[in-house]
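One line per chain: the protein sequences are A and B, in this order. Sequential numbering of the first sequence, starting at 66, is according to the working numbering. Sequential numbering of the second sequence, starting at 63, is according to the working numbering.
Hints listed in this document are in silico derivations from the structure and should not be mistaken for laboratory results. Note that the structure is predicted; figures quoted are calculated from it, not measured. Where is the CB? At the ideal position from N, CA and C, for every residue including glycine. You may find that some hints are simply not true.
Not the full set, but computed from the structure, chain B residues with beta-carbon under 8 Å of chain A [claimed, not checked]:
| hint | residue |
| --- | --- |
| 1 | 82 |
| 2 | 85 |
| 3 | 86 |
| 4 | 155 |
| 5 | 156 |
| 6 | 158 |
| 7 | 159 |
| 8 | 160 |
| 9 | 161 |
| 10 | 162 |
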Amino acid sequence: MSETLLFLIPLLPLLCAVVNMLFGMRLPRLFAEILAVTGVAGAFVLTLLFWGYAEGEGTRAVLFTWLNSGSVDIAFALNFDRLAAPMTLMVTGVATLIHLYAVGYMHKEEDYARFFSLLNLFVFAMLTIVLGDNLLVLFLGWEGVGLCSYGLIGFWYHKVENARAGTKAFLVTRVGDVFLGIALLWLFALTGTLSISAINAEASSLAPGVVTALCLLLLLGACGKSAQLPLMTWLADAMAGPTPVSALIHAATMVTAGVYLLCRFFPLVSLSATGMLAITAVGALTALYAASCALAQREIKRVLAYSTMSQVGYMFMAVGAGTVAGAMFHLLTHAFFKALLFMAAGIIIHLTGDENDIHRMGGLFRRGPVELFWVFLAGAVCLAGLPLTGGFFSKDGILLAAFTHPDPFYKVFWAIGVLTALLTAFYTFRLVYLVFAGEPRGDGHPHAIPLLMRWPLWPLALLGLLGGGLNLPAFVGGGERLHHWYAELAGRAVSASHVVEWALVGLAVAIAVAGWLAAHWRYRSYRPPQDNLVSRFLLSGWQADALVDRLFVRPFAAMARFCSIGCDRALFDGVLDGVARLATSWGGLIVQLTTGRMTTYLSAFAWGFLVLLGWFLLKLVNGGGH
Amino acid sequence: MIVPFGHVMAMAMALFVLGLTCVLLRRQILMILIGVEIMLNAASLVFVAASNRWQQADGQVFVIVLMAITAAEVAVALAMVVYLWRRRRTLVADDFNRMHG
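Bound-form chain A, shown alone (with noise of 0.2 Å):
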């Protein structure tokens, strides 16, 4: 097999979403589904038996050179590395599983072709993202999923919310999307390259102010794909889409995406320690901010994005305190969880008949199917984080490489990162006791639930549980996997005494069973929200898209209004209608003399046959003057 071969993992996805958006209304409905699903289990299946080129310097395989002009000369390349390679099978297997669940969650729906074609899209997208060689092919697929969630966040347009949430995410993401452009097109111009090893390599010769904006141009570009403060408005209301859309993109894939990014610049990013100070500041503050956020909302696929923002903040602040493996091993193992909670979360939709607000849900423990609260659990306690799940290993890891940075200021985001694990445990629990139990206090029918819903919870069950097997650290007797798998790129070794691990350790469990207890003491027999300054506060997400609004929105449509009626209105519209209303009134007047009548012209022509009578005969006079 030769290298070009990898080029089949993004093409396979792209050829089956061309297909489906061709010809996808015109097949049978059961052949497009199972080409959706095909094109992305096909790539997971590469991603497995190419696996093997990973090792080592990774492979780079080049299909065909993109721009070539003087020294540019920019290839259609992708490299399949050592942090390429777990991405790539995270994406594509979990992808698989989503495909496979939406087969199921829209067997009603009748534009199931561009659902699929988009989904897939996506899928080409991501995978372009992941394997991309230079930083061209990484922008294609940056833009591509922008583009793809757009177009699934909106799916449904016919209400006009969805609509918006879709555009609301293209722009704001837009806004990070800038900065990102910007950096590449600096570092374009400073090494002349765009290949991102080789960018890499030529980092350390970079003057140290000039990696400090990069890695702050870069970290902005993350920050409005990951929904990292200041760009996180959009995530929350994204979950107007589908739910197997919000479980791939919001959740698996597409947020990750600007970690990943950050993880692939981490040579670059990791020589600026103010950069790395902001990275992780910006994700310890988004962690807690979003977890905050997510006390108080009422609809379940709210509160999950509102902890997804959570969790990648976690991701941010490895990335920040050093460590690519720590941030690299949550990605893995929320991307499990999160993908399950998400679809769990789309069966209680369907079960409680398209209800959305959790304190209208209630008994389903006795109600619903018993698998369906056993997986909602194994996805809640890993993101709450009880002891032996895969959550709490990889946010344990990060954990303690904040608290054991050498920077003073990190302890500060570590006592934050503790705070917002205590905030998790509460709200995730609160969740499971509003969700499952107590009696039903909402009147939907529930829908029935297919086959294909259920069973690709398991697998994502049972990876988000034994999710901490992947890099289980050595104080436990683990052999911490993916750290030796990453070698040089996964960023500083944590290490601790032992007695400071077993210590964070306890302080860990301690924190999630508080949360949890407070979740039972508070919401064991429901009680209704109150609906206080603080809850509302805390519901409309600190009342961000008001900020917003105010500081960004209003002005701007001011402004436009200014320019609008001000400008050209005004200024431009009034000059020209002036003009043309002067030259309008003048000719009326000299409309007056077309009367129509013969005689009156005819007078004229006899008065103007005198005037030049009269023109002639004075120059005849001063001529013979002369």
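Given chain A, work out where chain B should sit, using these hints.
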């Protein structure tokens, strides 16, 4: 040359002014056309007088051409007058003002 050149010119000028006055002041299309004819005759008279004054035949040639053109013009003009009369039953020039702005 019995009649002096200046007299003929004065006569032609008087004719021309009479014709012009007729054209400008009369409202009947037929009278306007007659005025035009009188003005043309004045022009012919100038041509003949000038031809005689400088002993050149050109002026007389012009007069013959002018007579032919005048005949044609009158034929067309009278045809149009008849047409206008049939259409509107009036020959007052001011009644035909549909071309006003």
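Subject >> When the least beta-carbon distance from residue 156 of chain B to chain A is tested against 8 Å, hint result >> reply: Check passed: Cβ of residue 156 of chain B comes within 5 Å of chain A, closer than 8 Å.
Original post:
Can we keep the residue 159 of chain B interface hint, with Cβ of chain A closer than 8 Å?
Top reply: holds, 4 Å
Subject >> When the least beta-carbon distance from residue 162 of chain B to chain A is tested against 8 Å, hint result >> reply: holds, 3 Å
Original post:
Taking 8 Å as the limit, does the beta-carbon of residue 158 of chain B come near enough to a beta-carbon in chain A?
Top reply: holds, 7 Å
Subject >> Interface hint compliance - residue 85 of chain B to chain A, C-beta minimum distance less than 8 Å >> reply: Hint on residue 85 of chain B: holds, closest Cβ of chain A at ~6 Å, below 8 Å.
Original post:
Was the hint right that residue 82 of chain B lines chain A, CB cutoff 8 Å?
Top reply: holds, 6 Å
Original post:
Minimum Cβ distance from residue 155 of chain B to chain A below 8 Å?
Top reply: Holds, about 5 Å.
**OP:** Against chain A, run the beta carbon of residue 160 of chain B and see if the smallest gap drops under 8 Å.
**Re:** holds, 6 Å
Original post:
Regarding the hint that residue 86 of chain B lies at the interface with chain A, is the smallest CB-CB distance below 8 Å?
Top reply: holds, 5 Å
Subject >> Hinted contact residue 161 of chain B with chain A - closest CB pair below 8 Å >> reply: holds, 4 Å
In the structure shown, no violation is registered for any of the earlier numbered hints.
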